[in-house]
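S.K.: If you want the building blocks of each chain, they are given just below.
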Amino acid sequence: MQKQDIIKSFKDSLFTGLIALALFGPIVGLRTASKGEGLFITPQWGVVFLLVGLCILGRFLININSARRTEFKIFSTLSSKFSSITEDKAKHFAITGILFAVVFPFLPFTDRYFMDVAIMILTYIMLGWGLNIVVGLAGLLDLGYVAFYAVGAYSYALIATTFGWSFWICLPLAGLFAAFFGILLGFPVLRLRGDYLAIVTLGFGEIIRIILINWYEVTNGPDGITGIPRPSFFGLPFKRSPDEGEMSFHTFFGLEYSTMHRIIFLYYLILVLALITNYFTLKIRKLPVGRAWEALREDEIACKSLGVNPTNTKLTAFAIGAMFGGFAGSFFATRQAFISPESFTFIESAIIVAIVVLGGMGSQTGVVLASIFLIGITEIFRDLEQYRMIAFGGAMVLIMVFKPKGILANRKPTILMHGDKK
Amino acid sequence: MSNLLSVEKLTMKFGGLVAIDDLSFDTKNNQITSIIGPNGAGKTTVFNCLTGFYKPTTGQMYLHQADNKVSLRKYTDFKIAHVAKVARTFQNIRLFPAMSVLENLLVAQHNELMIASGYSLYGLLNLKSYRDKEQLAVNKAKYWLDIIGLTHRADDNAGDLPYGDQRKLEIVRAMCIEPKLLCLDEPAAGLNPKESAELNKLLKFIKTEKKTGILLIEHDMSVVMGISDHVVVLNYGKKIFEGTAEQTKKSKEVIEAYLGVDE
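Those sequence lines, one after another, are chains A and F.
Heads up: the first sequence runs through residues 678 to 1099, numbered per my numbering.
Heads up: the second sequence runs through residues 87 to 349, numbered per my numbering.
Hints listed in this document are in silico derivations from the structure and should not be mistaken for laboratory results.
One or more of the hints may lead you astray.
Claimed, not checked - Below 27 angstroms or equal to it, Euclidean Cα-Cα: the simulated BS3-like pairs (lysine-lysine) are:
id	chain 1	residue 1	chain 2	residue 2
1	F	LYS280	F	LYS335
2	F	LYS287	F	LYS336
3	A	LYS768	F	LYS214
4	F	LYS324	A	LYS963
5	A	LYS768	A	LYS1082
6	A	LYS1089	F	LYS214
7	F	LYS336	F	LYS165
8	A	LYS1089	F	LYS228
9	F	LYS228	A	LYS963
10	F	LYS296	F	LYS336
11	F	LYS214	F	LYS266
12	F	LYS141	F	LYS290
13	F	LYS266	F	LYS171
14	F	LYS226	A	LYS960
15	A	LYS963	F	LYS336
16	A	LYS1089	F	LYS226
17	F	LYS219	F	LYS287
18	F	LYS287	F	LYS214
19	A	LYS960	F	LYS324
20	F	LYS214	A	LYS963
21	A	LYS963	F	LYS335
22	A	LYS1089	F	LYS219
23	A	LYS768	A	LYS963
24	F	LYS280	F	LYS228
25	A	LYS1080	A	LYS685
26	A	LYS768	A	LYS685
27	F	LYS155	F	LYS141
28	F	LYS214	F	LYS95
29	F	LYS114	F	LYS336
30	A	LYS960	F	LYS280
31	A	LYS960	F	LYS214
32	F	LYS335	F	LYS114
33	A	LYS963	F	LYS171
34	F	LYS287	F	LYS226
35	F	LYS290	F	LYS155
Said to hold, decoys possible - Derived coverage of chain A by chain F (criterion: at least 3 residues anywhere in the stretch with Cβ under 8 angstroms from a Cβ of chain F; other residues may be distant):
id	stretch
36	714-727
37	968-975
38	980-991
Glycine is no exception: its CB is placed at the ideal position from the N, C-alpha and C atoms.
Whenever a hint applies, use it, and build me the whole structure from the sequences.
M.R.: Below, the structure written as C-alpha cells:
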C-alpha cells in the first residue's frame, strides 16, 4: 500500500468524522432531562466522541480495504464467501435449512423464547417470499405490502369471531380477500412504474391502516379485535381443560398439558405455509406467467410488442403476492389472538421490502438469509430496547457495503436447453 | 401479387407538429418494403402507428388476410402482436437482458403457452399436455437459434451477447410470434459489413421461406438496396418517392432530399 493512499483514506475518514460530529452532536450530545421543575440539557460529549471515533475508524477501514483488497483478510474473505454462494450451492443450503427447521423445536436448547423468535422469523420469511413475487419477479416496487397482511389478519379475525368458522376455512377466505385487494390496488397503478408506483402503494398501505382505525363499527378502531379463536389440531383444541364431551390435544394423545404444544403447532403451521409459498413461487416462476413477470420487469414495451398482456400479467402478480400476504396475516391473527392497526404500520412494509432487496431481488434463499440476519440481529439486541434499531440499520449498512446487489444476486434461467452442466 | 398492408391517408399530429402528412402506400406479400428518409422524416412514427404504440390522428391501415382485411386502428397495444400478428423490433435493442436467450424466445410464445398451461393451472399440476407444448415451444426456439447460429448460447443471458447477435436475436424473437408482417426498425444500425451481410441473408430467408412480409426502416443503403423489393421515401412526414431500389437510386427528388438542392 502506498503512503499517499493511507493519507488520502485518513483525510477522507476525518471528513466522515466531521459529518458524523455534525449529526451526532445535536442528536446524541444534547439530551434533555427533566429535573425537578422544567427541562435541563445534559450534555453527553463522551458518547458523541465514541460514536464519531467509530465512524472515523469504520470509514478508514473501508477505504483501506477498497484501496487494497488482498491486505484486509477479514473483509475480502467475508465478501467472497458470500459471492461464492450461488443458487446451486443454495440448494444444499436449502435442504439443510429445511431439515434444521423441522427438528428445531426438539433441539435441547430450544425454549419458549427461541420458538417465538423462530415463528417471527418464519412469518417474515413468508411475507418476504410473497413480496418477492411482486418486487423480485414482476419488478413492481410495492411499499404498501403490509396492507395485504392487515387485510388477511382482519378478514380472519372478523370471520372467525362473527361466524365462528374454523381456521382452515377462514385461511383461504382471508387469502382470497387479500388477493381481491391486490387487484383493487393493481388497477389504478397499472400505468405507473418505479418511484411513482412506490409512492402510490405506500399511500395504499396507509389508507388501509387509517380505514382500520376509523371504521369503528366493523374493525373496533384502535382498540383492535380481541378473542380471536386459536387454531385447532384437526379439530382438537389446545386447552388445559376441554369442555364436556370434547377432546383436547393433550388428552387425545395422552400427554401432559403444556403451552409448548400450541407453540410447536404454530411453528409447524407457519413453516408449512412458508414452504407452500416457496414451492408455489418456484413452480410458477417456470411457467409462462412467471416468465412474463420477469420479462415485464426487464422491458414492458418489448413485452407489448410480443403480444404479452401487461394488465393481466401485473394484476396476477399483485393478486398472488397479496394472497400470500393474506395467508401470513391470518396466521398472525390466530397466533396473537389480538390484532389492532398498531401492528400494520409502514415500518413493517419497510422491513419486508428491506428483506427482499437485501436478500437479492428474486432470490428465494436470499430472503431467508436476510430475514434471519435482520430480524435475528434485532432480536439479539432486544435488551437495548430502542437502540436495537441501530443494530437493524447497521445490518442493512453492512449488506449494502459488501453485497450491494443483495446477499444472493445470481439468477438461474427458468429453463435450460443444454441441461445443467455448469 | 396481392397486397399485404395498405396505408391510406395516414396523418399523425403531435400538437402543432405534423409528423406524418397524408401518407399512403401499399406493401405486397412476400416482399421487403423499405421506408427510407433523412433523420426526423417520420419513419419511426409510421412504425409506432402501425404497431399500436400511437393512435394516428386520421387515416386507415389495413392488413389483408386470406379473405378479409383487418383494420389495425381497431387494435392497440399488445393486441397488435397478439391478434393482428404484426411484430416489430426496436431502433435501440429491447431484449430482456437479464433473461436467457431461450427465455427471450419463450416469452414471445407467451400467449400459446398460457393457453397450453391452462392459465397456469395445468402447469402447476405438471400435466403432460403442458410439458409437451412447452417442448414444442423450445423446439421452435431451437429452430430459430440454429438459423442464426446461436444455439450454443441458448442458456446465456441475452444481455451478454455481442451487439450483432442481439440484433439477430431480437428479429427471431419477433418471428416466434409467427407474424404476418414483420416491422424492423433500423436492424443494421451499428453492424459491421460482415454482420450486415448476415442480416441480409436472414431477412431473405424470412421472406422466401417463411412467406412473411417485411417492412424495413434503414439508413444502411447496402442493406436497403441489396434486399428491398420496394422503397418508400419520406421527408418531413410526406412521401416524396415510391418505387424499386433501382428507380430510387436514380430519383432526383430522393437525391435532393438527402444531399440538398443545387443553388
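S.K.: Tell me if the straight-line CA distance from F/LYS219 to F/LYS287 falls inside 27 angstroms.
M.R.: Violated: F/LYS219 and F/LYS287 sit about 30 angstroms apart, past 27 angstroms.
S.K.: Cut-off 8 angstroms, C-beta pairs, minimum 3 residues; does the coverage of the stretch 968-975 of chain A by chain F stand?
M.R.: holds (count 5)
S.K.: Using a Cβ cutoff of 8 angstroms, are there at least 3 residues of the stretch 714-727 of chain A near chain F, or does the coverage claim fail?
M.R.: violated (count 0)
S.K.: Need the status of pair A/LYS768, A/LYS963: alpha-carbon distance at most 27 angstroms?
M.R.: OK: A/LYS768 and A/LYS963 at ~17 angstroms, within 27 angstroms.
S.K.: Given the hinted pair A/LYS1089 and F/LYS219, is their alpha-carbon gap at most 27 angstroms?
M.R.: Measuring from Cα to Cα gives roughly 22 angstroms; hence the hint holds.
S.K.: Regarding the pair F/LYS214 and F/LYS95, is the alpha-carbon distance no greater than 27 angstroms?
M.R.: violated (51 angstroms)
S.K.: With a cut-off of 27 angstroms on the C-alpha distance, tell me whether F/LYS214 and A/LYS963 pass.
M.R.: holds (15 angstroms)
S.K.: Could you grab the alpha-carbon distance between F/LYS287 and F/LYS336 and see if it respects the 27 angstroms cut-off?
M.R.: holds (25 angstroms)
S.K.: Taking 27 angstroms as the top limit, are the C-alpha atoms of A/LYS960 and F/LYS214 close enough?
M.R.: The given pair, whose Cα atoms are some 15 angstroms apart, holds under the 27 angstroms limit.
S.K.: Sort out whether F/LYS335 lies within 27 angstroms of A/LYS963, counting only the CA atoms.
M.R.: violated (51 angstroms)
S.K.: With the threshold set at 27 angstroms, check whether the alpha-carbon distance from A/LYS768 to A/LYS1082 stays at or below it.
M.R.: It holds: about 20 angstroms lies between the C-alpha atoms, which stays within 27 angstroms.
S.K.: Next pair to validate is F/LYS290 with F/LYS155; report whether the Cα-Cα distance is within 27 angstroms.
M.R.: holds (26 angstroms)
When each numbered hint is compared with the structure, violations occur for hints 4, 7, 10, 11, 12, 15, 17, 18, 19, 21, 26, 28, 30 and 36.
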